[in-house]
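2 protein chains.
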Amino acid sequence: MLTYNIDKNGKTPIYMQIYSFIKNDITGGIITYGEKLPSKRSLAKNLNVSVITVENAYGQLMSEGYIESKSKKGYFACKVELITKQKTHIEITEPKYIQDDKKYINLSRNSVSAEDFPFSTWSKIVRKILSEKDEELLTRQNYKGNTVLRKAIADYLRQFKAIDVSYEQIIIGGGTENLYSMSGNILGKNLLIGIENPGYHKIARIYDYNHIPYSRIEMDSKGISVEDLRKSKADIVHFSPSHHFPSGITTPIGRRTEILNWCYEKEGRYIIEDDYDSEFRFNAKPMQSLFSIDKSSRVIYMNTFSKSVSPAVRIGYMVLPETLVKKADEVFGFMSSSVSVLEQLTMAEFINGGYFERHINKMSKVYRGKRDIIVEYIKKYFHSGDFKILEKNAGLHFVLKLKTEIPDSVIKQKAEEKGVKLSFLSEYYYGKDEESLHNLLITYTGIKQEETQKAVKVLSDIFYGKYE
Amino acid sequence: MLTYNIDKNGKTPIYMQIYSFIKNDITGGIITYGEKLPSKRSLAKNLNVSVITVENAYGQLMSEGYIESKSKKGYFACKVELITKQKTHIEITEPKYIQDDKKYINLSRNSVSAEDFPFSTWSKIVRKILSEKDEELLTRQNYKGNTVLRKAIADYLRQFKAIDVSYEQIIIGGGTENLYSMSGNILGKNLLIGIENPGYHKIARIYDYNHIPYSRIEMDSKGISVEDLRKSKADIVHFSPSHHFPSGITTPIGRRTEILNWCYEKEGRYIIEDDYDSEFRFNAKPMQSLFSIDKSSRVIYMNTFSKSVSPAVRIGYMVLPETLVKKADEVFGFMSSSVSVLEQLTMAEFINGGYFERHINKMSKVYRGKRDIIVEYIKKYFHSGDFKILEKNAGLHFVLKLKTEIPDSVIKQKAEEKGVKLSFLSEYYYGKDEESLHNLLITYTGIKQEETQKAVKVLSDIFYGKYE
Chain A
1 MLTYNIDKNG
11 KTPIYMQIYS
21 FIKNDITGGI
31 ITYGEKLPSK
41 RSLAKNLNVS
51 VITVENAYGQ
61 LMSEGYIESK
71 SKKGYFACKV
81 ELITKQKTHI
91 EITEPKYIQD
101 DKKYINLSRN
111 SVSAEDFPFS
121 TWSKIVRKIL
131 SEKDEELLTR
141 QNYKGNTVLR
151 KAIADYLRQF
161 KAIDVSYEQI
171 IIGGGTENLY
181 SMSGNILGKN
191 LLIGIENPGY
201 HKIARIYDYN
211 HIPYSRIEMD
221 SKGISVEDLR
231 KSKADIVHFS
241 PSHHFPSGIT
251 TPIGRRTEIL
261 NWCYEKEGRY
271 IIEDDYDSEF
281 RFNAKPMQSL
291 FSIDKSSRVI
301 YMNTFSKSVS
311 PAVRIGYMVL
321 PETLVKKADE
331 VFGFMSSSVS
341 VLEQLTMAEF
351 INGGYFERHI
361 NKMSKVYRGK
371 RDIIVEYIKK
381 YFHSGDFKIL
391 EKNAGLHFVL
401 KLKTEIPDSV
411 IKQKAEEKGV
421 KLSFLSEYYY
431 GKDEESLHNL
441 LITYTGIKQE
451 ETQKAVKVLS
461 DIFYGKYE
Chain B
1 MLTYNIDKNG
11 KTPIYMQIYS
21 FIKNDITGGI
31 ITYGEKLPSK
41 RSLAKNLNVS
51 VITVENAYGQ
61 LMSEGYIESK
71 SKKGYFACKV
81 ELITKQKTHI
91 EITEPKYIQD
101 DKKYINLSRN
111 SVSAEDFPFS
121 TWSKIVRKIL
131 SEKDEELLTR
141 QNYKGNTVLR
151 KAIADYLRQF
161 KAIDVSYEQI
171 IIGGGTENLY
181 SMSGNILGKN
191 LLIGIENPGY
201 HKIARIYDYN
211 HIPYSRIEMD
221 SKGISVEDLR
231 KSKADIVHFS
241 PSHHFPSGIT
251 TPIGRRTEIL
261 NWCYEKEGRY
271 IIEDDYDSEF
281 RFNAKPMQSL
291 FSIDKSSRVI
301 YMNTFSKSVS
311 PAVRIGYMVL
321 PETLVKKADE
331 VFGFMSSSVS
341 VLEQLTMAEF
351 INGGYFERHI
361 NKMSKVYRGK
371 RDIIVEYIKK
381 YFHSGDFKIL
391 EKNAGLHFVL
401 KLKTEIPDSV
411 IKQKAEEKGV
421 KLSFLSEYYY
431 GKDEESLHNL
441 LITYTGIKQE
451 ETQKAVKVLS
461 DIFYGKYE
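Top line first, the protein sequences correspond to chains A and B. Take the first sequence: its position 124, counting from 1, is numbered 124 in my numbering, and each next residue is one higher. Take the second sequence: its position 32, counting from 1, is numbered 32 in my numbering, and each next residue is one higher.
The set of hints was computed from the structure by calculation and includes no laboratory data. Please note: incorrect hints may appear among the correct ones.
[To be verified] Taking lysine to aspartate or glutamate pairs in the DMTMM-like style, the calculated list, with each CA pair at most 20 Å apart, reads:
(1) B:K266 to A:E81
(2) A:K222 to B:E68
(3) B:K412 to B:E434
(4) A:K379 to A:E391
Please construct the entire structure, taking both the sequences and the accompanying hints into account.
Right, dumping it as structure tokens:
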């Protein structure tokens, strides 16, 4: 007979104590497979508890499969045997690539000015949406995302970008990773995608991850080279005509039409227009997008609010040409949207209420101010013949060309030791040595006003050999 | 000389009017490639505007690449020529699969009770988080997701599921689609994954989409068949031991250890434990997860808040065994999280503040009530010999076995005509005919109390031939 030491005044209910004792005896091999357990009545008597208590314990053991009841025969232990394995201890850590950033003044990454996020407006909108308790908030959305937001984006595109589309053509995604992988899957994974060289490392890595083949296309002063595009045999070209990172190039209209014409020459050719920071232009009005110039449904347009609102807002979108809408349904129709509905509705109201436009205008001024300050310090700390600022009309960074013999890697390392993160254009080239040009990227959007002077001073001290 | 009709009192700035006229002439072929434009001074005189105005117009045209300036020679039109293509009109529509649902009383889908979403608590938390303006809110998160939420989940798992893990092992994803694809990529796309037959159609489709090979494994009354698993040559098994959809089976401890032992037999074998609705159990305490029984780092545990809080909250998570943490970093290290940071922080506080536990307790009662009501109506509208309720301990649906000769498809269609959506267990089998069993799924969580009677009445009327 099973005899256990029951604690009748303990916190754990008595039936759970009995359950645990028997369970441990079974897993420990004290009660073996097939062994008959005492009847409820006799165990209750033996442990001096009620029959109901034993019944509850047996019930739990049965529901978990430790014991089974055979009709008119009683309760029997089941086979529960785990091969013992030694667990080896493995050191686990967090990926470092983001955490470390906070310690540095970062001139190398196109980040967003954190302090200017419209907290109170955002909060007001969220509150309003939650108080309305719309059923929308509780409904799984189809893979394309929330209709209210998609309509808001369609209106915005019509008004501000002269892109005239129906909301049915718009798909919401959580960040560009998501969108690149989706567009790759809509177009078909067997097609070769041409990407920019130099370019964002991430694009290539996302295509790698999705097993989508790509080829790097050389850029000249007007953007992606059509000649090289032809040579590559690419079927699709993925590029940023309005503001290329890191070169800063804006592709002029002539090159845009050339690329569109390349596309029209053959069925199945498409363009992915990555318009990620076209909202901010200081000197001129935004250029016509390829999507709106295109007359033949060959352009997928992409943009994100991570850049224009906050990197914490994980909402991007793509606009499909009409011809691809049905294809997208076939590929993704069974999925639901992975983007927070509340955030989608908040973003929709942020656009519809005019807050987005105001935010863009405000941030343009803020960024313009940051740019002017850093240019001023560069002029102050560098002799006029020692540098050149290469700056195009659009976007939020410029290139500082340094007249120096110091290798890029040395400047970079010394700056990092002094708490300033830098990157050179040369790092974004694949298979090409551009180090001798000493083109330093200056992305000023994320740095705080009070850090600007320090950053430029450090750079100039390295440049003029103060740390030798 | 270019002569245009300028509207000096119009809304559009004069320089933009000039810009548009010249642009249209270039794209329309009136000004041809290489043609020289009038000097700024002479055009200004001709149009009776200031030189500055023409300069602004030319500046915009240059920045977009319509014209170029050659030093000391003047301005020339660039090559801008687009092959004309006829745009064919294509009808585009929205995917129907979700929109339609609202018209029906839906007994076929495991949806969530919308009316019980804790709007005011959620709103309070969002407000608090936004008012604190934490920098966290504005920072791009690494691919694993927000640390505060991951710590909250680790605490929750320890307290409520006896799963003892470090937050470094936890990855946040937006919905299960996301997580299935991630786990597939961590384990390697060349491994064969065994999935349940019957099972959720979506799992197979997501693996299809990700080009991950899978094989369907037969289930018996205890869950996935180890014999069939062996036969399949699968390397990985993806299953739901705590509550299988649609069968409702809870895998007993003996079978769990058998599957773990299968896993230990060979290097590289893994288990994906899909625990999607284990939070709700009416009759017994939750069973020990495979993850916590495992002694050899072979189980990936997955769960989602879409089920326990709201389908609009797009947050799921997976817990990696220690051995896979580094591998995940290698695969995903370059990506950032695609899940809304605000929503992650809100969910974290929802857990940490004890709201999640309270919500689960409340919803268990709500769902229990819904279950009892529908069972009551079934007993009222069906004669006692005509049906059997097959119900296991866990989860949020049961199977209603009908004694009938009417084919499942006929019952389904007639019910749909009367506004009730049904599904039979037979629909979830692949390559197996189970129609003769007439096992009807009853998922009662999403239907409103006042709809219950109508739904059961419709079903009974079909059953007893009232619509003949």
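A quick look at each hint next to the structure:
1. B:K266 to A:E81: Holds, at about 17 Å.
2. A:K222 to B:E68: 12 Å, holds
3. B:K412 to B:E434: It holds: about 15 Å lies between the C-alpha atoms, which stays within 20 Å.
4. A:K379 to A:E391: 15 Å, holds
Checked against the numbered hints above, the structure violates none of them.
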